[in-house]
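Asks: Can you make the complete structure from the sequences, with help from the hints?
One line per chain: the protein sequences are P and U, in this order. The first sequence begins at 0 in numbering that gives the first Met the number 0 and counts up one residue at a time. The second sequence begins at 0 in numbering that gives the first Met the number 0 and counts up one residue at a time.
It is worth saying that the hints were derived from the structure and are not from the lab. Treat the hints with care, since some could be wrong.
To be verified - Each computed DSSO-like pair below joins lysine-lysine, with the alpha-carbon atoms no more than 27 angstroms apart: (1) P/Lys114 x U/Lys428; (2) P/Lys124 x U/Lys428; (3) U/Lys494 x U/Lys282; (4) U/Lys376 x P/Lys39; (5) P/Lys124 x U/Lys412; (6) P/Lys101 x U/Lys494; (7) P/Lys174 x U/Lys428; (8) U/Lys412 x P/Lys145; (9) P/Lys101 x U/Lys428.
Unchecked claim - Covered by chain U, per the in silico footprint, the following chain P stretches (three or more residues, Cβ under 8 angstroms): (10) 40-50; (11) 69-75; (12) 80-88; (13) 96-107; (14) 143-157.
In this text, a Cβ means the ideal position worked out from N, Cα and C, and glycines have one as well.
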Amino acid sequence: MSVKKTSANEPATQPAEDSLGPDTELERDVYGIEVVDDAKTSHQDFLTSLILIGISIYVIITSLGYWQKQKVVFYESAGFVPILITSGLLLMSIRLMRQSLKQDSVKNYIVRIKKGTVETIKSNKVHRALVGLALFWVYVFLMLGKMPFWLASFLTLAAVLVFVRFDKKWQTSLKMIVIAALCVAGIVGLFQFAFSVPMP
Amino acid sequence: MVLEYLSQAFSIVFTPYGFIALTFAVFLGLIFGMLPGLTATMAVALLTGLTYSFDGPLAVMVLLGVYIGAISGGCQSAILLNIPGTPASAATAVDGFPLARQGKGGLAIFVANMSSFSGTIISVLMLIMFTPLLTSAALKFNSHEMFLLSVFGVVICGNLTSGGRPVKGWIAGFVGLLISQVGRDTVGSFARFTFGNMNLTGGISLLPVMIGLFGFPEIVASFSAAKRQLVQSQKFSAKEGFSIYRRNWFNVIRSSVLGAVMGAIPGVGEDTGGWLSYWAQKKSAKNPEMYGKGCIDGVVSAEAGNNAAVGGAIIPVLSLAIPGSAPAAVLLAAFWMHGYRPGPLLMTDTPEFLYYVIVFMVVSSILMWFLASNMSKLSVRILQIDQRILMPTIFISSVIGAFVVNNRIFDVKLMFVFGLIGVAMNYMKYPSAPFLLGVILGNMADENLRRALILYDGSIMPFFTRPISIFFIIFILALMLPQFAFFRKLTAPLKQVFSRKKNT
Numbered sequence: 000m001s002v003k004k005t006s007a008n009e010p011a012t013q014p015a016e017d018s019l020g021p022d023t024e025l026e027r028d029v030y031g032i033e034v035v036d037d038a039k040t041s042h043q044d045f046l047t048s049l050i051l052i053g054i055s056i057y058v059i060i061t062s063l064g065y066w067q068k069q070k071v072v073f074y075e076s077a078g079f080v081p082i083l084i085t086s087g088l089l090l091m092s093i094r095l096m097r098q099s100l101k102q103d104s105v106k107n108y109i110v111r112i113k114k115g116t117v118e119t120i121k122s123n124k125v126h127r128a129l130v131g132l133a134l135f136w137v138y139v140f141l142m143l144g145k146m147p148f149w150l151a152s153f154l155t156l157a158a159v160l161v162f163v164r165f166d167k168k169w170q171t172s173l174k175m176i177v178i179a180a181l182c183v184a185g186i187v188g189l190f191q192f193a194f195s196v197p198m199p
Numbered sequence: 000m001v002l003e004y005l006s007q008a009f010s011i012v013f014t015p016y017g018f019i020a021l022t023f024a025v026f027l028g029l030i031f032g033m034l035p036g037l038t039a040t041m042a043v044a045l046l047t048g049l050t051y052s053f054d055g056p057l058a059v060m061v062l063l064g065v066y067i068g069a070i071s072g073g074c075q076s077a078i079l080l081n082i083p084g085t086p087a088s089a090a091t092a093v094d095g096f097p098l099a100r101q102g103k104g105g106l107a108i109f110v111a112n113m114s115s116f117s118g119t120i121i122s123v124l125m126l127i128m129f130t131p132l133l134t135s136a137a138l139k140f141n142s143h144e145m146f147l148l149s150v151f152g153v154v155i156c157g158n159l160t161s162g163g164r165p166v167k168g169w170i171a172g173f174v175g176l177l178i179s180q181v182g183r184d185t186v187g188s189f190a191r192f193t194f195g196n197m198n199l200t201g202g203i204s205l206l207p208v209m210i211g212l213f214g215f216p217e218i219v220a221s222f223s224a225a226k227r228q229l230v231q232s233q234k235f236s237a238k239e240g241f242s243i244y245r246r247n248w249f250n251v252i253r254s255s256v257l258g259a260v261m262g263a264i265p266g267v268g269e270d271t272g273g274w275l276s277y278w279a280q281k282k283s284a285k286n287p288e289m290y291g292k293g294c295i296d297g298v299v300s301a302e303a304g305n306n307a308a309v310g311g312a313i314i315p316v317l318s319l320a321i322p323g324s325a326p327a328a329v330l331l332a333a334f335w336m337h338g339y340r341p342g343p344l345l346m347t348d349t350p351e352f353l354y355y356v357i358v359f360m361v362v363s364s365i366l367m368w369f370l371a372s373n374m375s376k377l378s379v380r381i382l383q384i385d386q387r388i389l390m391p392t393i394f395i396s397s398v399i400g401a402f403v404v405n406n407r408i409f410d411v412k413l414m415f416v417f418g419l420i421g422v423a424m425n426y427m428k429y430p431s432a433p434f435l436l437g438v439i440l441g442n443m444a445d446e447n448l449r450r451a452l453i454l455y456d457g458s459i460m461p462f463f464t465r466p467i468s469i470f471f472i473i474f475i476l477a478l479m480l481p482q483f484a485f486f487r488k489l490t491a492p493l494k495q496v497f498s499r500k501k502n503t
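Replies: Structure follows, in structure tokens:
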């Protein structure tokens with residue numbers, strides 16, 4: 000394992016580093032929730048508000064269609080509550096858009112979103128996440144139900160583990176494949192045979 | 000009757016199979032809680048699917064054991080790694096890790112376990128006191144109140160979990176409400192937003208949403224996880240631990256009460272319970288400057304607070320069928336799956352259930368204390384497990400968890416889709432808790448609002464004439480209006496008057 004230990008009385012020289020932490024150093028409100036920095040997220044807010052406004056308009060139109068189809072009083076129709084919810088959503092999205100536009104202009108947001116997208120595409124971290132997600136997508140949408148669960152799981156897990164620990168050494172890859180086989184055997188053994196849980 | 004129910008509950012716990020299952024569940028919960036990235040919600044969601052074939056009471060017992068174990072286990076990694084095992088333990092790390100660096104990690108973990116145990120027990124006492132009270136009050140709720148209650152839940156959860164941007168919390172909650180509208184509506188069985196897909200006519204199952212929303216972002220984050228630096232657990236004197244605990248008796252009680260209250264607020268949960276208790280302790284301390292540098296009283300308050308939120312979160316689950324936290328939301332789904340109907344009729348239909356929950360929680364917390372206090376060597380080993388290997392393995396187990404409820408591959412695909420939504424929400428700083436609460440409460444809101452309007456021929460007047468309705472409306476407005484500029488302008492003169500009075 001690649002974990003460095005420090006002895007009992009020897010203080011660690013550096014704080015722990017991890018993509019998930021150090022959580023405690025984030026700025027938090029009294030409820031312990033990470034305080035959102037408006038300036039950093041405003042271009043994202045602008046983008047999400049645009050998407051949500053689009054969704055809200057689509058839902059409202061579709062829900063009005065349900066009312067027309069059902070031919071009942073408006074409040075009895077299946078579209079009544081979705082219209083109420085999306086009206087609220089629409090108002091909040093407009094408010095979010097207004098808040099974000101106070102921070103910067105539309106033109107600058109388009110530039111920031113473009114720049115952010117290019118940076119994201121170039122980021123090694125995002126590459127890793129995307130490849131991992133792609134492998135899981137293949138597993139869920141193309142493999143499950145079409146081949147035995149244990150085989151699909153073994154192939155996916157082996158591929159993911161080899162990928163995330165890839166260091167060009169065949170010994171590491173072999174170790175990962177063995178770990179994948181043991182993990183899948185453990186999962187299938189425990190759930191299918193010990194707990195009688197049906198497998199996909 | 001009560002004694003009979005309690006003895007039934009004990010007879011479930013103390014069968015060899017039941018006791019082994021509970022011990023294993025608490026142990027598994029501790030491991031889940033310990034490992035950064037594996038949250039209590041994920042643990043309960045995963046186990047809900049996997050215990051599907053268990054008897055109702057046994058499954059409930061296992062899930063409660065996992066829940067309590069997971070919330071308590073988080074303190075170990077918070078103290079030894081400075082990475083909270085679960086978000087609930089984030090406040091513990093503030094003083095826990097500096098203590099570990101001073102060579103007092105073992106002592107901090109010992110005191111944290113005792114505080115966790117006390118927090119759970121005090122919250123169980125509150126559960127005993129308040130659940131029957133709240134249940135009988137909820138019997139007075141009709142459709143108007145039930146609708147407003149669900150709106151209130153989403154709004155307050157959005158407020159408290161959004162990090163100062165309530166609009167984002169409300170948006171998340173309203174999107175959740177909208178997701179819940181998919182499928183046949185409960186009043187006229189009309190298929191909504193199904194896009195011709197037969198799998199969607201029954202609605203969207205809760206479990207894939209939960210696993211996707213809370214588990215997937217952690218799995219994706221693990222692809223780029225770096226190495227961790229661990230401070231070894233150190234030897235300590237139990238006597239010193241007990242004396243610290245005795246000195247903190249008031250801190251434990253106050254933190255537990257605060258934690259339980261926070262837990263009972265819909266969707267808010269353990270993280271807030273821990274932080275608020277820590278904040279209250281720091282505010283009232285004689286030496287607030289010591290907090291954050293290794294003050295053990297901070298560890299006590301954070302752990303008592305987050306564990307007390309477990310019992311607190313179960314109070315609204317049992318009495319109103321509204322979850323107090325994300326793991327409690329999964330528990331609620333599990334209760335439904337096993338045929339229990341929490342809510343106003345709980346004490347009439349299945350009165351024994353409350354006593355089962357109480358006994359299961361008490362025994363689980365005792366087991367948690369015993370196991371957590373005796374696994375320091377093991378916990379160091381567990382914390383060394385490489386997350387990049389563990390998380391993909393968890394994903395395979397999540398697939399089984401999502402599949403098993405309806406035996407449909409479609410639910411696994413749903414889990415994937417909601418996982419992507421969870422990743423996007425995380426990235427864009429939208430809280431997931433109001434989203435989940437929206438999905439849970441959406442149908443309740445829809446059914447009750449339309450029923451209320453149908454019963455009164457479309458009149459909305461009863462909303463403004465019924466006392467409980469008015470109470471909820473005032474609360475909702477009090478939460479929402481301060482976010483709007485026009486209201487702030489309106490109330491500005493009043494605020495000035497008050498501040499002048501305060502100054503004079």
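Asks: If a hint holds in the structure, say so; if it doesn't, say that too.
Replies: Verification of the supplied hints:
1. P/Lys114 x U/Lys428: Holds - the C-alpha atoms of lysine 428 of chain U and lysine 114 of chain P are around 19 angstroms apart, at most 27 angstroms.
2. P/Lys124 x U/Lys428: Judged against 27 angstroms, a Cα distance of about 18 angstroms means the pair holds.
3. U/Lys494 x U/Lys282: holds, 25 angstroms
4. U/Lys376 x P/Lys39: violated, 42 angstroms
5. P/Lys124 x U/Lys412: holds, 24 angstroms
6. P/Lys101 x U/Lys494: holds, 25 angstroms
7. P/Lys174 x U/Lys428: It is violated: about 37 angstroms lies between the C-alpha atoms, which goes past 27 angstroms.
8. U/Lys412 x P/Lys145: holds, 14 angstroms
9. P/Lys101 x U/Lys428: holds, 19 angstroms
10. 40-50: holds (count 4)
11. 69-75: holds (count 5)
12. 80-88: holds (count 7)
13. 96-107: violated (count 1)
14. 143-157: Since 5 is at least three, the answer is holds.
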